[in-house]
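Enquirer: Residue numbers (numbering that gives the first Met the number 0), protein chains in the order written: chain A, 0 to 384; chain B, 0 to 279; chain C, 0 to 214.
Keep in mind the hints are simulated off the structure, nothing from the lab.
Beta carbons: idealized from backbone N, C-alpha and C, even for Gly.
It cannot be assumed that every hint is accurate.
Derived coverage of chain C by chain B (criterion: at least 3 residues anywhere in the stretch with Cβ under 8 Å from a Cβ of chain B; other residues may be distant) [said to hold, decoys possible]:
hint : region
1    : 106–112
2    : 116–122
3    : 125–131
4    : 134–147
5    : 150–156
6    : 168–176
7    : 184–198
Now for the letters of each chain:
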Amino acid sequence: MIRFSFIFLFTLLLFSSATGQEATLPPSPPTDVMAKDTPNDAGGSITITWKKSPDDIGAVREENKVKGYEILRSTESEGEYEVLGKTTAGAQTYFDTHAHNGVPYYYKVRALGIQSFSESLPSTPAKAKAQWIDWRRRYTFLLALILALSIVYFINQAKSGKQLFIRKIAGLEAVEEAVGRATEMGRKIFYIPGISDMDSMQTIAAVTILGQVAKKTAEYEAKLEVPTSRSLVMVSCRETIKEAYSNAGRPDLYNEDMVYYLTDDQFGYTAAVDGLFVREKPAAVFLQGQFYAESLILAETGNYVGAIQIAGTAQPAQLPFFVAACDYTLIGEELFAASAYLSRDPKLLGSLKGQDVGKFIFLFFIIVGSLFITFGIYDLSFLFR
Amino acid sequence: MNFLEKLLALDRRIIFLFIAIAVALPLFFTVKLHIEVTPVVRNLHNAMEALPPGSKVLVSLDYDPGSMPELQPMAESFFRYCFMRDLKIIIIGLWPNGPIQANSALEVILNEPDIKKKNPKYGIDYVNLGYTAGNEVVIERMGSDIPVTFPKDYSGNKTEDLPLMKGVKNFNNIDFVYNLSAGYPGTVEWVLFGVDPYKIKLGAGNTAVQAPQIYPYLNSGQLVGLLGGMKGGAEFEIATGKPAKAVKFMFSQSVSHALICFFILIGNFAYFATRKKKGA
Amino acid sequence: MRREVPLAITAIVGFALIIVYFIPHPPFNHSRDFFEDLFFIIAAFAIWLGCLNLLKVNADKVYLKKKGWPFSIVVWFGFFLMVIVGFWEGRGFMNPGTTFYYLYDKLYYPLNATMFSILAFFVASASYRAFRARNKEATILLIAALFVMLGRVPFGYYLSSWLPEGWRLGNITDWIMDFPQTAAQRAIMIGIALGIVSSSLRVLLGLERTFASGE
Chain A
0 MIRFSFIFLF
10 TLLLFSSATG
20 QEATLPPSPP
30 TDVMAKDTPN
40 DAGGSITITW
50 KKSPDDIGAV
60 REENKVKGYE
70 ILRSTESEGE
80 YEVLGKTTAG
90 AQTYFDTHAH
100 NGVPYYYKVR
110 ALGIQSFSES
120 LPSTPAKAKA
130 QWIDWRRRYT
140 FLLALILALS
150 IVYFINQAKS
160 GKQLFIRKIA
170 GLEAVEEAVG
180 RATEMGRKIF
190 YIPGISDMDS
200 MQTIAAVTIL
210 GQVAKKTAEY
220 EAKLEVPTSR
230 SLVMVSCRET
240 IKEAYSNAGR
250 PDLYNEDMVY
260 YLTDDQFGYT
270 AAVDGLFVRE
280 KPAAVFLQGQ
290 FYAESLILAE
300 TGNYVGAIQI
310 AGTAQPAQLP
320 FFVAACDYTL
330 IGEELFAASA
340 YLSRDPKLLG
350 SLKGQDVGKF
360 IFLFFIIVGS
370 LFITFGIYDL
380 SFLFR
Chain B
0 MNFLEKLLAL
10 DRRIIFLFIA
20 IAVALPLFFT
30 VKLHIEVTPV
40 VRNLHNAMEA
50 LPPGSKVLVS
60 LDYDPGSMPE
70 LQPMAESFFR
80 YCFMRDLKII
90 IIGLWPNGPI
100 QANSALEVIL
110 NEPDIKKKNP
120 KYGIDYVNLG
130 YTAGNEVVIE
140 RMGSDIPVTF
150 PKDYSGNKTE
160 DLPLMKGVKN
170 FNNIDFVYNL
180 SAGYPGTVEW
190 VLFGVDPYKI
200 KLGAGNTAVQ
210 APQIYPYLNS
220 GQLVGLLGGM
230 KGGAEFEIAT
240 GKPAKAVKFM
250 FSQSVSHALI
260 CFFILIGNFA
270 YFATRKKKGA
Chain C
0 MRREVPLAIT
10 AIVGFALIIV
20 YFIPHPPFNH
30 SRDFFEDLFF
40 IIAAFAIWLG
50 CLNLLKVNAD
60 KVYLKKKGWP
70 FSIVVWFGFF
80 LMVIVGFWEG
90 RGFMNPGTTF
100 YYLYDKLYYP
110 LNATMFSILA
120 FFVASASYRA
130 FRARNKEATI
140 LLIAALFVML
150 GRVPFGYYLS
160 SWLPEGWRLG
170 NITDWIMDFP
180 QTAAQRAIMI
190 GIALGIVSSS
200 LRVLLGLERT
210 FASGE
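Generate the whole structure from the sequences, applying the supplied hints.
Expert: The structure is reproduced here in structure tokens:
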């Protein structure tokens with residue numbers, strides 16, 4: 000009995016020390032630690048890569064001997080290393096974003112076990128530096144250059160008198176009809192230039208279209224009102240309308256109060272405009288520019304009061320609402336083409352043609368790229384990353 | 000005007016009345032409905048499940064009270080999930096109301112019995128860095144330096160003094176980004192200015208109106224998953240095993256969807272019937 | 000000069016910002032931030048213009064007793080209430096417990112949510128009016144809308160659970176969202192992006208100058 004207890008105790012001690020020993024054994028160290036300047040950045044960053052520890056199964060799991068990695072840094076190969084940061088098991092990259100430009104740094108990577116760790120050999124020195132060119136954007140640059148050159152080319156073609164075909168856009172053909180209707184009925188025209196500020200291209204497009212619409216309202220002597228959601232838009236719209244009325248030979252009809260500010264708040268603005276629609280019962284409503292959730296509220300109210308509505312936005316999410324509730328809708332790029340279309344200025348029409356070159360380039364890559372991927376030939380998507 | 004013509008020119012106030020009843024009445028009933036978790040939500044959940052405890056999750060709440068019915072349940076279920084899994088939450092807002100919505104959601108979640116047991120502490124388990132003006136520029140700046148972009152938290156404490164923010168310099172120190180968006184700036188900006196340049200792992204919750212616009216980013220792999228509208232929120236609650244507000248509201252949404260379909264069908268019936276009559 | 004100077008500034012700043020997009024080296028990497036900050040400063044000051052205009056327009060309405068003039072008094076009241084309370088609270092005016100937060104929570108938020116809720120009703124009335132099978136395209140739109148509306152709610156499952164997997168309303172909805180819808184969104188987004196490029200170039204080259212009070 001005593002002998003049995005002794006053997007049992009001895010076996011227990013042996014087993015526990017074996018498992019205890021296993022727990023204290025460090026995992027194998029990571030290897031091939033390399034450090035280099037992070038490319039295409041403004042400096043201050045070094046990329047550290049390594050081959051993970053052979054004991055690392057590559058996932059954060061209980062059974063993984065490696066619990067994570069610690070990255071250490073020093074300015075001398077044999078000097079004192081400080082802990083820079085930690086990363087999870089399976090990781091093989093770390094970005095040191097606390098580096099000073101021009102200072103050589105050495106790195107070590109520690110594989111962390113349950114109670115111990117092992118360190119790699121130090122890396123070769125690396126210095127952070129800023130780059131002058133972001134090479135990742137080279138294809139974007141090329142594409143932008145091709146687009147810009149084709150737009151300029153067609154503008155010059157148009158300037159030289161060449162006739163350029165532009166398809167009919169129903170919404171824009173209806174502008175005169177809308178203004179005429181308002182004049183006949185003796186009711187107002189409301190122009191809503193969206194709820195964004197002048198930093199949005201859609202707002203600029205909307206203000207540009209307003210210039211054309213204002214020219215018509217001046218000719219027809221229709222009453223135009225432009226409630227805005229942004230102060231800068233109010234100022235810009237005032238200048239635009241003033242100039243349009245002046246060019247139409249009717250500066251006497253212009254009144255500063257045609258354009259007024261309501262509120263920056265999205266639904267506050269919507270409530271105010273809806274109130275105006277219901278009280279004033281306009282004959283025509285233009286909803287041009289950048290809209291969000293208020294688009295349907297405005298369009299439905301306009302429909303309810305019986306106004307002819309011409310909408311235009313480049314917000315894909317709001318297009319279905321305008322299509323459902325308005326008489327005419329300018330979809331996406333038609334909003335940006337409107338100024339060229341209405342003015343029939345050859346230079347502006349030429350730019351639309353240049354835009355089409357861009358479309359053909361995209362169409363080409365979509366078709367060819369899809370075929371290549373489908374038949375496993377080559378992946379062209381790197382051009383657009 | 001006969002019945003069909005009256006139906007065709009139905010006073011919209013009648014439609015409004017039916018919609019009001021269809022939306023409001025179901026809220027008084029608790030009906031258990033079968034909600035299947037779609038792949039887009041499942042992928043988001045799987046990505047979260049792969050995060051080890053202690054991982055830092057940046058949550059950007061980019062919406063205002065108008066979008067609360069759809070997005071607030073998503074915020075609450077996400078916070079609940081993070082606290083249960085010991086994931087650390089860093090809250091920011093690209094909209095001024097975002098951090099306020101976050102506080103409202105936290106107020107609800109921190110009072111739940113399961114979460115109270117966990118006893119999450121401000122500054123250690125979660126922080127609210129507040130709002131910074133700049134839209135997508137804020138995301139770009141965070142790519143370089145988060146403490147500089149948000150020098151103080153919502154309550155005015157210095158960001159660098161918060162224990163959770165120690166060692167958090169930029170996106171390299173963030174394990175996952177979750178964005179709740181109702182418009183601009185939102186998920187699109189996070190994809191363009193966060194995922195593309197900094198390769199962050201991004202999941203998103205969007206209003207139902209905006210969700211279709213985000214699908215191209217899902218299919219290209221720029222987004223790991225998407226909660227679209229209240230249904231997406233309900234699916235996430237089911238996936239995490241904690242049905243809550245979104246699941247509850249689905250009955251109301253189901254009834255109103257069915258009612259709209261009914262109105263569309265009778266409208267078409269009246270349209271074709273009157274056309275036939277005119278033709279005859 | 001009145002026209003030429005703004006156009007010149009637009010062109011120089013515009014082209015400069017395009018070029019610095021490709022240059023990560025300081026100080027160019029912060030150029031965009033710098034100009035963005037300038038814009039926000041200008042917009043913040045411009046808010047005064049808007050507020051003064053708002054107060055002036057409504058004061059005129061009250062003075063001239065135009066139609067709806069009592070609402071203008073409400074505008075004045077609301078404006079000054081929030082401004083005075085905000086300044087009186089000082090720093091932390093938006094913290095829970097303050098009067099400003101109370102007004103925000105009990106007035107602004109419900110009003111905001113109410114306006115947003117109107118969408119539910121308007122979606123129904125717009126759908127009733129717009130989704131008519133007038134022609135082939137409208138019929139396809141109608142069918143897709145019905146599939147998606149039912150597929151996105153649990154009722155879709157109950158209506159079609161007897162169908163084989165892959166043919167249920169939920170599956171059809173997912174297919175519509177993943178393929179035709181995404182394809183259309185991508186096409187529109189590409190068109191919009193090209194439209195913005197073309198439009199921006201017109202602005203930078205000074206061809207489009209209506210917004211800057213040109214013709």
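Enquirer: Now look at each hint and say whether the structure bears it out.
Expert: Each hint tested on the structure:
no. : hint    : result
1   : 106–112 : holds (count 4)
2   : 116–122 : holds (count 3)
3   : 125–131 : holds (count 5)
4   : 134–147 : holds (count 3)
5   : 150–156 : holds (count 5)
6   : 168–176 : holds (count 3)
7   : 184–198 : holds (count 3)
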